[in-house]
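One letter stands for each residue in the lines below.
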Amino acid sequence: MKVLVAVKRVIDYNVKVRVKPDNTGVDLANVKMAMNPFCEIAVEEAVRLKEKGVASEIVVVSIGPKASQEQIRTALALGADRGIHIETDEEVQSLEAAKLLKAVVEKEEPKLVILGKQSIDSDNNQTGQMLAALTGMGQGTFASEVVVDGDKVNVTREVDGGLMTVALNLPAVVTTDLRLNEPRYASLPNIMKAKKKPLDSMSPADLGVDVAARLSTLKVEAPAARQAGIKVADVAELVDKLKNEAKVI
Amino acid sequence: MSILVIAEHDNSSLKQATLNVVAAAKAIGGDIDVLVAGENVGAVAEAAAKAEGVNKVLVADNAAYGHFLAENLSELVAEVGKGYSHILTSAGTTGKDFMPRVAALLDVAQVSDIIRVESEDTFVRPIYAGNAIATVKASDSIKVVTVRPTAFDPVAAEGGSASVEQLDVVKDAGLSSFVGEEKAQSDRPDLASAGIVISGGRGMQNGDNFKMLEQVADLLGAAVGASRAAVDAGFVPNDMQVGQTGKIVAPQLYVAVGISGAIQHLAGMSDSKVIVAINKDEEAPIFQVADYGLVADLFEAVPQLEEELKKVL
Chain A
1 MKVLVAVKRV IDYNVKVRVK PDNTGVDLAN VKMAMNPFCE IAVEEAVRLK
51 EKGVASEIVV VSIGPKASQE QIRTALALGA DRGIHIETDE EVQSLEAAKL
101 LKAVVEKEEP KLVILGKQSI DSDNNQTGQM LAALTGMGQG TFASEVVVDG
151 DKVNVTREVD GGLMTVALNL PAVVTTDLRL NEPRYASLPN IMKAKKKPLD
201 SMSPADLGVD VAARLSTLKV EAPAARQAGI KVADVAELVD KLKNEAKVI
Chain B
1 MSILVIAEHD NSSLKQATLN VVAAAKAIGG DIDVLVAGEN VGAVAEAAAK
51 AEGVNKVLVA DNAAYGHFLA ENLSELVAEV GKGYSHILTS AGTTGKDFMP
101 RVAALLDVAQ VSDIIRVESE DTFVRPIYAG NAIATVKASD SIKVVTVRPT
151 AFDPVAAEGG SASVEQLDVV KDAGLSSFVG EEKAQSDRPD LASAGIVISG
201 GRGMQNGDNF KMLEQVADLL GAAVGASRAA VDAGFVPNDM QVGQTGKIVA
251 PQLYVAVGIS GAIQHLAGMS DSKVIVAINK DEEAPIFQVA DYGLVADLFE
301 AVPQLEEELK KVL
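Here the protein sequences line up with chains A and B, keeping their order.
When the letters of the first sequence are read in order and numbered with the numbering used here, they come out as residues 1 to 249.
When the letters of the second sequence are read in order and numbered with the numbering used here, they come out as residues 1 to 313.
Think of the hints as simulated: they come from the structure by calculation, not from any bench.
Keep in mind that the hints are not guaranteed to be accurate.
Listed next, the stretches of chain A that the computed footprint assigns to chain B, with coverage defined by at least 3 CB atoms under 8 Å from CB atoms of chain B [stated by the list, open to error]:
hint, segment
1, 117 to 126
2, 223 to 232
3, 240 to 248
Straight line, CA to CA, 30 Å or less: simulated DSS-like cross-link-like pairs of lysine-lysine [stated by the list, open to error]:
hint, chain 1, residue 1, chain 2, residue 2
4, A, K241, A, K2
5, A, K66, A, K195
6, B, K171, A, K152
7, A, K243, B, K273
8, A, K66, B, K137
9, A, K111, A, K196
10, B, K273, A, K16
11, B, K310, A, K247
12, A, K231, B, K137
13, A, K52, A, K152
14, A, K241, B, K171
15, B, K311, A, K247
As the structure is a prediction and not an experimental result, all values here were calculated from the model.
Quick reminder that beta carbons are idealized off the backbone N, C-alpha and C, glycines included.
Let the hints inform the model, and build the full structure from the sequences given.
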C-alpha cells in the first residue's frame, strides 16, 4: 500500500527562539532550520512499515518555501521514495495546509497518511485532524503504536491518563507522538542516493487551493520572565519556608 | 454572542477542566451553553448544570459518543455548534483530537490552547514551546477555540441552576471503533489538575528511584510527573511528562527533582505558583525559575524531605 507522509520545515529544536524587537514575530534570519521532530517520527514509521513489507511506496510532501526541499531530501535519504513540494512563501495555516494535503491525497490515493501531531513552531496540533475531516477518513492521533491489519489499522493513542486503542478503516490518518519510534539518521550513501530520487514541485494555485490566512497575528512577545528566588541551605530550611513563608504545604 | 462549551468528562464525572473552560467563556461574554456528549452521562449533565454561569446544558447520550471518538463527536459538535458564535473546549487530549475536525467541518480556523481572552475575536496563545506569546485575531464567523485549563481560574462548581435539554442527534460516522484502553493505575491526583506536583528528571537515574518521589507525593497528596529527558530515557511512561510536548501544569507547588530545566520543560511548569528545585548542579537553569533552590544530591535530599515533611504534616 502507498503511504503519504507530510513534513514541515521549522526552526531547529535546539535553537533558542528570539522574538523580534518590533514584536511582529520570531527572528528566523540566519537561524538553523530542520525537519519538525514529530515529522521525523512520521517518516521513520513509514519507513518501518515499508521494511515490514506493509508499505510499498512512501511519498513525502512538504508545504513551504523553496528551502523546504531540503527537508524533503532528508526524508528521501531516510527511505521515502519520492517527494512533492508545494511551493509558497506565504504563511500557510493549518486549515489551508489540510486543504492542500487533501488535494494531494485525492491525486495519490494513499491508504495511510502519517503526520506529526504538531509542529514545534506554531504548536497548533490541527492539520492531521483537519485533513481527516476534509477527506472523510478516520484519525488515530498521538500514536504510540500503529498496526496495519488487512483493511484496518489499529492505533494506540497517548491520551490523558493512559493509552487508548482505536481501529480505523483504511484509508486513515495517523499523527505521531514521541514514543512511536526513535528516528534513524540518514547514512551518507543514502543522502547521495536521495539527490536522484524524483521530486515534483507545484504551487497552491496548481492544486486549486486558496491559502489566505484566517487568523492574523497582531503581535508576538517574549514570555514574562520569572525571577530566580533564593537558595536554601538544607531540607529543614526548605520545609520551613514552604510551610511558613510560601504557605503551600 | 452565544458560546457552546464542550464538557470534558469520563461519562461518570465532570472534569474540572470544564469549569476552567467555562471561565474562559465568561471572559468572552455572552450566553454559555454546555454540551455533554457521552454514554450514560446523567450525573455529568447534573454537575454541569450546577456550574456557575451556565445557561443551558445540552445532553447527547448515546453509545456512539461513549469513547469520545473524534469522527462521531466532531459531526455532533459541528451540527449543534453552527448556531453559536464560539465553540470552546479544553485543550486536553480529547479536545485536541476532535476540535480541529469540528473546525474543518465548519470550514473555519481553530485557535489552539489559548491562555488569555483579549476580546471576542482576539486571543493570546503560546507558540514555540512557550518561548513566544502570540496575540491572534480570528476572522471567521464561528470561533473554534481550545483552552489551556490551567490558565483560567475555574468557575464555582456549585450554585448554578441551568436547564437540561436532551438532544436526539446521533452521529456515527462508521469510520472508527474503540478497541481498548490502559488506564494508568494511580490513587494520586491527576497531573494536570493537582495542587502539588513533584517531578523527576534524568537525575533520577532509573524508574525504580521514582518510588522515592511517590512516597513524598503521597504525604503531600501530590501528583508525580517527569521531564521529557526521564521519559525519553525510558524511566517512566509518557503520560507523566510535564512540558510543552507533555502536560502543562500550574499547581500551587511544583517540586523539580534532578531536572536541569530544559526550555521545553520550563514551558510546561513555569506558571506554577511556587517552584522548588533540588539539583546537585548549581548552574542548572532550573534554579533561574525556582523560588527555593536546594543544591544537593537528590538521593540524600529526597529521603530527608520525606522525614521532615512527616514532622510538620
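Evaluated hints:
1. Counting residues of the segment 117 to 126 of chain A whose beta carbon lies closer than 8 Å to any beta carbon of chain B gives 7, which meets the minimum of three for the stated coverage.
2. Counting residues of the segment 223 to 232 of chain A whose C-beta sits closer than 8 Å to any C-beta of chain B gives 7, which meets the bar of three, so the coverage hint holds.
3. Three residues within the 8 Å Cβ limit are the bar, and the segment 240 to 248 of chain A against chain B gives 5, so the coverage statement holds.
4. Taking the CA atoms of A/K241 and A/K2, the gap is near 61 Å; set against the 30 Å cutoff, the hint is violated.
5. The straight-line distance between the Cα atoms of A/K66 and A/K195 is roughly 15 Å, inside the 30 Å bound, and the hint therefore holds.
6. A threshold of 30 Å between alpha carbons decides the hint, and for B/K171 with A/K152 the separation of about 21 Å falls inside it, so the pair holds.
7. Under the criterion of a C-alpha separation no larger than 30 Å, the hint pairing A/K243 with B/K273 is consistent with the structure, at around 14 Å.
8. For a cut-off of 30 Å, the pair hint linking A/K66 to B/K137 stands: about 28 Å separates their Cα positions.
9. Among the hinted pairs, A/K111 with A/K196 is consistent with the structure: their alpha-carbon atoms are about 26 Å apart, no more than 30 Å.
10. About 25 Å separates the Cα atoms of B/K273 and A/K16, which keeps this hinted pair within 30 Å; it holds.
11. Of the pairs offered as hints, the one joining B/K310 and A/K247 holds, with about 16 Å between alpha carbons and a cut-off of 30 Å not exceeded.
12. The straight-line distance between the Cα atoms of A/K231 and B/K137 is roughly 42 Å, outside the 30 Å bound, and the hint therefore fails.
13. Note on A/K52 and A/K152: the hinted pairing holds, with a Cα-Cα distance of about 16 Å set against a maximum of 30 Å.
14. Annotation: proposed proximity of A/K241 to B/K171 is violated, straight-line Cα distance about 55 Å (limit 30 Å).
15. The suggested pairing of B/K311 with A/K247 holds, with an alpha-carbon distance near 16 Å, which does not exceed 30 Å.
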